[in-house]
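Residue numbers (full-length UniProt numbering), protein chains in the order written: chain A, 1 to 281; chain B, 1 to 278; chain C, 1 to 271.
Take these hints with a grain of salt, some might be off.
Incomplete in silico selection of chain A near chain C, CB under 7 Å [to be verified]:
#1 Asn49
#2 Gly71
#3 Arg75
#4 Met83
#5 Arg93
#6 Leu94
#7 Leu105
#8 Phe110
#9 Arg112
#10 Gln162
In short, the hints are calculated from the structure, not lab data.
By construction, the Cβ of each residue, glycine as well, lies at the ideal position given by its N, Cα and C atoms.
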Amino acid sequence: MLTLSGVTKRYPTGDRALTDIELTLPKGQVMALIGPSGAGKSTLIRCVNRLVEPTQGSIRLEETEITRLSGNALRQARRSMGMIFQEYALVDRLTVMENVLSGRLGYVGFWRSFLRRYPQDAVTEAFRLLERVGLPHAIDKRADALSGGQRQRVGIARALLQSPKLLLVDEPTASLDPKTSRQIMRLIRELCAERGLAAIINIHDVTLAQQFADRIVGLRAGEIVFDGLPSELTSEILTTIYGEEDWDTTPEPMDDDVSDDSISHPPYAREVPGLAAGGAR
Amino acid sequence: MSELAQTSLEARMQAARKGQWRRLPLIDDPRWRWGIAVGVVVYVVLAFASVDVNWARVAEGAGRAVNFLSAFMQPDFVSRQKDIVAGLLESLTMTLTSTVLGVLLAIPVGLGAARNISPLPVYLVCRAIIAVSRTFQEIIIAILFVVMFGFGPLAGMITLAFATIGFMAKLLAEDIEDLDWRQVEAVRATGASWWQTMNHAVQPQVMPRLIGLSVYRLDINFRESAVIGIVGAGGIGATLNTSLSRYEYDTSAAILLIIIAIVLLCEYSSSHVRRWTQ
Amino acid sequence: MPVSLTTQGLPVWKRRTTRAQWLQYVAWLLGISLFLICWKVISDNTMWVFVEDAGRQGADLLSRMLPPKWAYANVLWKPMWDTLNIATLGTVFGIMMAFPVAFLAARNTTPHPLVRSAALMVIVSSRSINSLIWAMLLVTILGPGVLAGIIAIALRSIGFVGKLLYEAIEEIHPTPVEAISATGASRMQVMNYGVLPQIMPAFAGISVYRWDINIRESTVLGLVGAGGIGLQLNASINNLAWDQVSVIFIMIFATVLVSEWISARVRHAII
Numbered sequence: 001m002l003t004l005s006g007v008t009k010r011y012p013t014g015d016r017a018l019t020d021i022e023l024t025l026p027k028g029q030v031m032a033l034i035g036p037s038g039a040g041k042s043t044l045i046r047c048v049n050r051l052v053e054p055t056q057g058s059i060r061l062e063e064t065e066i067t068r069l070s071g072n073a074l075r076q077a078r079r080s081m082g083m084i085f086q087e088y089a090l091v092d093r094l095t096v097m098e099n100v101l102s103g104r105l106g107y108v109g110f111w112r113s114f115l116r117r118y119p120q121d122a123v124t125e126a127f128r129l130l131e132r133v134g135l136p137h138a139i140d141k142r143a144d145a146l147s148g149g150q151r152q153r154v155g156i157a158r159a160l161l162q163s164p165k166l167l168l169v170d171e172p173t174a175s176l177d178p179k180t181s182r183q184i185m186r187l188i189r190e191l192c193a194e195r196g197l198a199a200i201i202n203i204h205d206v207t208l209a210q211q212f213a214d215r216i217v218g219l220r221a222g223e224i225v226f227d228g229l230p231s232e233l234t235s236e237i238l239t240t241i242y243g244e245e246d247w248d249t250t251p252e253p254m255d256d257d258v259s260d261d262s263i264s265h266p267p268y269a270r271e272v273p274g275l276a277a278g279g280a281r
Numbered sequence: 001m002s003e004l005a006q007t008s009l010e011a012r013m014q015a016a017r018k019g020q021w022r023r024l025p026l027i028d029d030p031r032w033r034w035g036i037a038v039g040v041v042v043y044v045v046l047a048f049a050s051v052d053v054n055w056a057r058v059a060e061g062a063g064r065a066v067n068f069l070s071a072f073m074q075p076d077f078v079s080r081q082k083d084i085v086a087g088l089l090e091s092l093t094m095t096l097t098s099t100v101l102g103v104l105l106a107i108p109v110g111l112g113a114a115r116n117i118s119p120l121p122v123y124l125v126c127r128a129i130i131a132v133s134r135t136f137q138e139i140i141i142a143i144l145f146v147v148m149f150g151f152g153p154l155a156g157m158i159t160l161a162f163a164t165i166g167f168m169a170k171l172l173a174e175d176i177e178d179l180d181w182r183q184v185e186a187v188r189a190t191g192a193s194w195w196q197t198m199n200h201a202v203q204p205q206v207m208p209r210l211i212g213l214s215v216y217r218l219d220i221n222f223r224e225s226a227v228i229g230i231v232g233a234g235g236i237g238a239t240l241n242t243s244l245s246r247y248e249y250d251t252s253a254a255i256l257l258i259i260i261a262i263v264l265l266c267e268y269s270s271s272h273v274r275r276w277t278q
Numbered sequence: 001m002p003v004s005l006t007t008q009g010l011p012v013w014k015r016r017t018t019r020a021q022w023l024q025y026v027a028w029l030l031g032i033s034l035f036l037i038c039w040k041v042i043s044d045n046t047m048w049v050f051v052e053d054a055g056r057q058g059a060d061l062l063s064r065m066l067p068p069k070w071a072y073a074n075v076l077w078k079p080m081w082d083t084l085n086i087a088t089l090g091t092v093f094g095i096m097m098a099f100p101v102a103f104l105a106a107r108n109t110t111p112h113p114l115v116r117s118a119a120l121m122v123i124v125s126s127r128s129i130n131s132l133i134w135a136m137l138l139v140t141i142l143g144p145g146v147l148a149g150i151i152a153i154a155l156r157s158i159g160f161v162g163k164l165l166y167e168a169i170e171e172i173h174p175t176p177v178e179a180i181s182a183t184g185a186s187r188m189q190v191m192n193y194g195v196l197p198q199i200m201p202a203f204a205g206i207s208v209y210r211w212d213i214n215i216r217e218s219t220v221l222g223l224v225g226a227g228g229i230g231l232q233l234n235a236s237i238n239n240l241a242w243d244q245v246s247v248i249f250i251m252i253f254a255t256v257l258v259s260e261w262i263s264a265r266v267r268h269a270i271i
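Just need the whole structure built from these sequences, with the hints factored in.
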């Protein structure tokens, strides 16, 4: 359903964030994208909906070539890709309902959205989604009055109101505690199953990725170094992706640096030469 | 949450389930909402009604507007060059001296107007000075000083210095009022006198902002020096006023462009100075 | 903070190095000489005879101003109303023009760098020119009256509001904007949902603050004929009716204090 071929991103500073990415995502598959900070995970996700412009390569969503779209056509393509953010990215001063309804912006005209006169079915659906994520009582609360987990739920409802075919999820749990993280991942997983959505989930937490994804792709220094089932992810492969570490005694990599939207120099570049098993397909 | 709010939330949830949803109004009470809206409309109507425009005069002025715009295309820096240079020099000297004097005088006033370091009577006197200096436009003060000191840049300088005192002292006092009190106590604990406390605990905390504000005030004083000339307090404003009343729009345009350029320069360098002091 | 050794080998602490110390002396010397030169220019252009007389003049002025001629206050209600209108309507028009300019001038919302420079140019010219000068120009064009005052205040407000507003726009969080763009929203919708809610408090605060400043400025616009209480002030000064002038001063003082209080209250409520 989503096909990336030869996708490369080079920032104006000269840093290469992504090199020649080849990736195919079938319908309904939940894929976890793991890798160290600065490996290009966020860049990859943002290239798909063109929040970041890829330098080269083609990205096809079903039959549409996304890299060549502009204006209205790009808006329509973005509509079919819901995005969920690390810091929730809600508009703090709007109410929860307004935040959820903003998922419909791609469908309504400017004046309708300006006057908040959304069509009846959009409102019904928005409320149903809020009930689904467990926040029907919060409709009139301001987004900044919610806790982290609640905000992420609102973010999920907003993404789903777009009626997307694909979910792009950028570090959904990085700002949440372990319990809430699991709840959020389970919710995303369930919603994908209910609606037959494909999803790309950037995630730092390898354990969560193994538990909730159908497939895991490992990214290092802008290249795919692993692509396989969660069960195939061994300590050797983790070493390939993240660098040397005693993986068996510390199952979760401790990665404090949550932001990796700008490409920095991968810390282990010189230590591990070459690609390991399960490399790019 | 009160019971009323609870029921209205329930109602809104029911409505949203059926697809009915409106944005929450900004003001809860409908009486207030409508009252304010009506009040605004009434005010706007009354205000516009009190603006009487002499359209014949406006039509006559339109020609001058065109003249003025075309003068901006061809500003004349040359024919009144001597006046312009003299006015500019006066403005710049006024700006500099008044800022220096104003800041120096503002420091004691500012210290006096900070509630946490000065006794009540001093505080009240200093706050009164600040209030008077800030309320009246520079030009009003200039009128008084021109009457007292005669025409010329001295009156202008004193005016600007007076206005600077109000501006700087207020900000300085606010700064001192929310400075980090622990540092002051630490210095006091060493047995330092009042002066030593000022020098070692207050001054280092306030200094960077004081310098930044002085540079900013320098910029304001230059702009103001361009106006107080209108009432005879010297500077480029006088030159501008004369050129306008003589209908020499090309000279006026030149003066305005010079003012804009100097303000730009000031702003550019002041942002540098502020970055450098921080 | 250098520590050096004296000839006896004892460490001596000085605040600055010798070189830095010298540089500082030179800077002070230059600064003071510049100040003295400026002072010389001013004193050359001053008639010191008048200045020696200043104390007597001041005392004379004060004695003429006191007591204020309170009855004159009745004449002042209409000009005061005009002054308020000049400030309020001027602020409203100024804000309406400043709003789009700010969006064009902010680095993250401008459609094109060239448009940005043009918008910045508008802001700078409006800021550099005092409202009194704007009023002088407009009075020659439109004729004396409240209209010239309103437009002068509006033109001056564009720069002030525009500058503060575009700085606020540049400081917004980028992620909500990104999120709204990701939903497929149009440019205007991104502004409306992603940017506008974030700058609304700053915008309201800036507007009220400017209104407060404009009240102050509109009290003097009459000096050049642009309506309001300044007209009365000018007339009273020309007639040397200082007891009327003091009434006007008291009214201005009261109005400005009230407007400052309102503005502070509103800004406090917003933040």
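Comparing the hints with the structure gives:
Look at Asn49/A: its Cβ gets to within about 6 Å of chain C, closer than 7 Å, so that hint holds up. The criterion of a C-beta within 7 Å of any C-beta in chain C is not met by Gly71/A, whose closest approach is roughly 9 Å, and the hint is violated. Interface restraint check for Arg75/A: the shortest CB-CB distance to chain C comes to about 4 Å, inside 7 Å, so the restraint holds. Restraint check, Met83/A versus chain C: the minimum CB separation of about 4 Å is within 7 Å; hint holds.
Restraint check, Arg93/A versus chain C: the minimum CB separation of about 4 Å is within 7 Å; hint holds. Annotation: interface hint on Leu94/A holds; nearest CB of chain C at approximately 5 Å, less than 7 Å. This hint holds: Leu105/A has a C-beta 4 Å from the nearest C-beta of chain C, less than the 7 Å allowed. Taken as an interface hint, Phe110/A checks out: its beta carbon lies about 5 Å from the nearest beta carbon of chain C, inside 7 Å.
At its closest, the beta carbon of Arg112/A sits 10 Å from a beta carbon of chain C; the interface hint therefore is violated under the 7 Å criterion. Interface hint status for Gln162/A: upheld, as the beta-carbon distance to the closest one in chain C is roughly 6 Å, under 7 Å.
Violation of the numbered hints given earlier is confined to hints 2 and 9; the remaining hints are satisfied by the structure.
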